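If you want the building blocks of each chain, they are given just below.
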Amino acid sequence: MPEREVVVDKLRLTYEGLFSVGELYKMIDEWFRWKGYDKRENKNIEIVKPEGKFIEIELEPWKKVTDYAKNVIKIRIQMNDIKEVEVEKDNTKLKLNQGKVHFVFDGFLETDYEARWEGKPIFYFIRTVFDKYFYKPFTAGFERGVKEDVMHLHGQVKAFLNLYRF
Amino acid sequence: MPKTIDFRSTRYIPIIKYIGIFDMNGLMKTMRNWIVDQGYEFHEKGVKHKVPSPVGAEQEFAWWGWRKVNSYIKYHIDMFIKYWDLHDVEVVREGKKQKLQHARIQIEITGRCELDWSNRFGGSAFMQALADFYDNYIVRRNLDLVYTDELYYRLYKLQQTIKKFLEFETKESAYEDMW
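Going down the list, the protein sequences come from chains V and X. The numbers in this note's numbering rise by one with no breaks, and the one at position 96 of the first sequence is 96. With the second sequence counted from 1, adding 1000 to any position gets you this note's numbering.
Do not rely on the hints blindly, as some may be mistaken.
To be verified - Here are the computed distance ranges between Cβ atoms for each label pair:
#1 Asp1132/X x Glu16/V: 52 to 60 Å
#2 Ala1129/X x Ala159/V: 50 to 58 Å
#3 Glu148/V x Glu1108/X: 47 to 55 Å
Calculated from the structure, these hints are not laboratory results. Being a predicted model, the structure only gives us computed values, none of them experimental. C-beta atoms are modelled at their ideal positions from N, C-alpha and C, and glycine is treated no differently.
Turn these sequences into a full structure, and let the hints steer you where they fit.
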């Protein structure tokens, strides 16, 4: 199994008010594609309730940085009481959603994702020693990359939600 | 024996869950048509129907589709569809009365890339070793970046088709034009 280093641990963001669920999802998806991540959607749940929709999404896209390391970003999005509303802005009617949304961002650096160094205990030992002492400057650089990506996405989501503060 | 790249161990395909009103006949037709339209041979591996309780029936479908890509690679799609508390409801939509269904749905989609389906490298241990060398070194990059990648993103298109049919809020995808 590959080694997973936690780089960003449960960075949270909560918002309540007007926004577009479809646009928000599209923005996140586009951001991942633009950054060169491969799509991975672990979970997609929609429950229609009288008080509004409950939506739960878990995305875990990944990007291979080298043959040995890859970036993994995990976002859990939970939306509650999502209702459709019509808003008038600059004399144009907009169809938006109103509700609560909660994000949890995690960033990981996955090393030896092809499990090439796991055949024998000695290989596993060598890998750990090399990761911790010899390749530290490289792995630290990759970890910085993961952190930058998570922070950038976090900022983008925040900026996106701020657009809806009329 | 042919080797398989199974997405369950390498790449992951999501599980769709939905609770609400939907058109079951339309959903089943949409999914089946997508598989057939993409050139897959369609098989229904299993159907289960439990005696309905007061909250509704329980139904299970296991589907399998396969398609030859070339003389070496074959794509497989496996689908597992389950309905709980399935019952009919009458809805008035655009002034017309419609008979729809209400249920809890779970849809799992996964894929497999079968290598050497024509068994060219079958037989001796030497040929098997040659096949391993061929897959792991000679065509490895192509297998990863072309074939498994194509099947993977096509499965996401199937997922998107289902989301669109069920009118999910997250029906749009930025990866639509990948393959």
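### Task
Sort out which numbered hints this structure fails and list those numbers smallest first.
3
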